[in-house]
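Chain A is fixed; fit chain B onto it per the hints.
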Amino acid sequence: MTNSCGKGVRIAALGLAAATVLSLTAPAYAAKGRRAKAPAPTAQSGMMVAIDPATGKIRQPTAAESKALVAGIQEMTKASSVQPELKQLADGTMSVDLSSSFLNISMAQVQPDGSIREVCVDSAADANAVLTAAPAFEDK
Amino acid sequence: MKTSKLLGLFAIAAFLLTGPVFGAAQIIIVNTNAPGVGFNDATPAAPVGGNPGTTVGQQRLNAFQYAADVWGSILSSPVPIYIQSSFTPLACTATAATLGSAGALQVFGDFPNAELVDTWYHVALANKLAGGDLAPGPNGTSADDIIARFNSNLGQPTCLAGTGWYYGLDANHGTNIDLVTVLLHEFAHGLGFSGFYNKTTGAQLAGFPDVYGAYTFSTTFNKAWPQMTDAQRAAATIDTNNVVWSGINVTAAVPNVLRFGTPLVTVNAPALGSYRVGTATFGPILSSPGVTGDVLVGFDAANAAGPSTTDGCSAITTNLTGKIGLVDRGTCGFAIKVKNLQNAGAIAVLIADNVAGSPPAGMSGVDATITIPSVRISLANGNALKSALASGAVNVTLGVNLAVRAGANPAGQALLNAPNPVVAGSSISHWDPIAFPNLLMEPAINSDLTHGVDLTRQEMIDIGWFSDGDGVADGVDQCIGSSRSATVVIDGCDSGVTNTTFATGCRITDQVNDCTVGAGNHGAFVSCVAKLTDTLKNQGVISANQKGAIQSCAARASH
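Chains A and B supply the protein sequences, listed in that same order.
Going by numbering that gives the first Met the number 0, the first sequence opens with residue 0, and the numbers climb by one from there.
Going by numbering that gives the first Met the number 0, the second sequence opens with residue 0, and the numbers climb by one from there.
Straight-line Cα separation of at most 25 Å, BS3-like style, residue types lysine-lysine; simulated pairs: (1) 66/A x 198/B; (2) 385/B x 139/A; (3) 198/B x 86/A; (4) 198/B x 222/B.
Derived coverage of chain A by chain B (criterion: at least 3 residues anywhere in the stretch with Cβ under 8 Å from a Cβ of chain B; other residues may be distant): (5) 83-96; (6) 103-109; (7) 115-121.
Quick caveat, the hints were computed from the structure, so don't treat them as lab data.
C-beta atoms are modelled at their ideal positions from N, C-alpha and C, and glycine is treated no differently.
The shape of chain A in the complex, shown without the other chains (with noise of 0.2 Å):
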């Protein structure tokens, strides 16, 4: 697996000192994964590509994917569209049921490379951004 972020940073180790001193440095973006090498450029950038478990090719995941998954999720949080009630006891303490209002949601992807990406979100619509993020690199 790799992670998400693959932000390509990458560090110049000009010279001895600067050497020495972004040693401390560079390991951290390597370790990010920011030294990989980008992902192959998507024909549509914007779009999410998968590998397809039955060919091995990648390929972009159908809609029909994309919406069943996110509906899914918007199946566990769907009492985020009802307004929480709040309750006050006798002696001041307030209290709210937040049932699945405030749920937070981990989500894997498979990555153009093969990878997954496991990503954190909190409701259905950033879990549909996430299907339909850009990349993490973009060609122009």
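Here is chain B on its own, set in the frame of chain A:
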């Protein structure tokens, strides 16, 4: 008071270095699965990675309890924490899946011992502070504290085919997904790493702020979340690089956790601050101190290669010798633009985004002949540079700023995730993903995490998990762990003097204890207490008689 403040800071430093020795909390996994499924799945499984379970269900339960025990060993509460847990089929496809979800089931405010008034607390934390269960009731209902539901279908052909859960406890997950790491992350949200407001409108839950928001601070508005209007809160939510965690415990821990080195464009003149950048996969890698120079827009012909005179898609007509060229994103590839500006003499290139949003994404491309560095900046930052150019010269440095830690602002405060628009991960309730080393509570749950809780532990301290009940919120309390004694007691001698709490969160006993730590012998201790009580008397905190009572106890102390 300066001395006592310094001593207070010393106490904080010592506190932060002591590790998780604050006691413990009991975290109980409430299994809500039906027989034969989820945690009760009897499918045989070989023990893996320190997980001794011999069925799939038992391994799942062991992993849950392991993650619960990690947090339980760190947090402190006299009230058991119940996590309503299940493994059930959740939404997924062959290429993307819901792993699981978690969150607090209730929030409470204005309960006994709450340190912040009219402020929501996650129920588990509220119980801890109140010293009792504020939501009693049967398990499996909203009387529990956290709800956690995870996907039992992961790894099946129709659910992220080929990639399943790793139930081991050693983080050796290979290409599978480490359940314990995901649990540590999601449990943290339920325990206190989350805010309760609408990200779009900025509206707070039932009109009240929450304890997480109390330390969520906008450096643009110079206000914490509760001090803002809804509109300001909504604007700050997408104000990349300008939202920080203000609690003193996290800030004190930043130097021990985050490493120096952040890629930035720093605008030296006029002093416009530092801009986040998207880096390039081509050209030389960013260096420190980087490249410094005056900025000049690179103009080219509006032609078939690119319709704008600032898109850099054809030969640049501006002499950019010795300058840092600025062009707009669009039409042609990033590498083409940079090469055109390099040919015009530029020593570095800034490419301003052509759509709103931040932080800017990276730039891919291939051209081995590019020898100058380049970065992408946001549309807003590009416009700011252009406006400044209209008034005169603009000088910038492009490179890795070794004075700024990765994941912190120049003042050393940890950054919170504030993308514009929301691209991936939930805003605010995560650390900024630029952090290095990777943190547990970044929006991306990175594969190199090893079951540590890094800065998140300090966040839990800030919000009150180790409260000393002195009425001063722990995120600003310089003396967490103060004696709860109502009077000043020294080595068993009760002076009868009220143990005053100062605005710093320190009490008189903390200052006396500072004398204990700093004194090499009894005489030095007595002398230190004498000076302290003189100061307190002069400040009107204690009377002459009370001063004598404290000094008398100090004289009789064995240290």
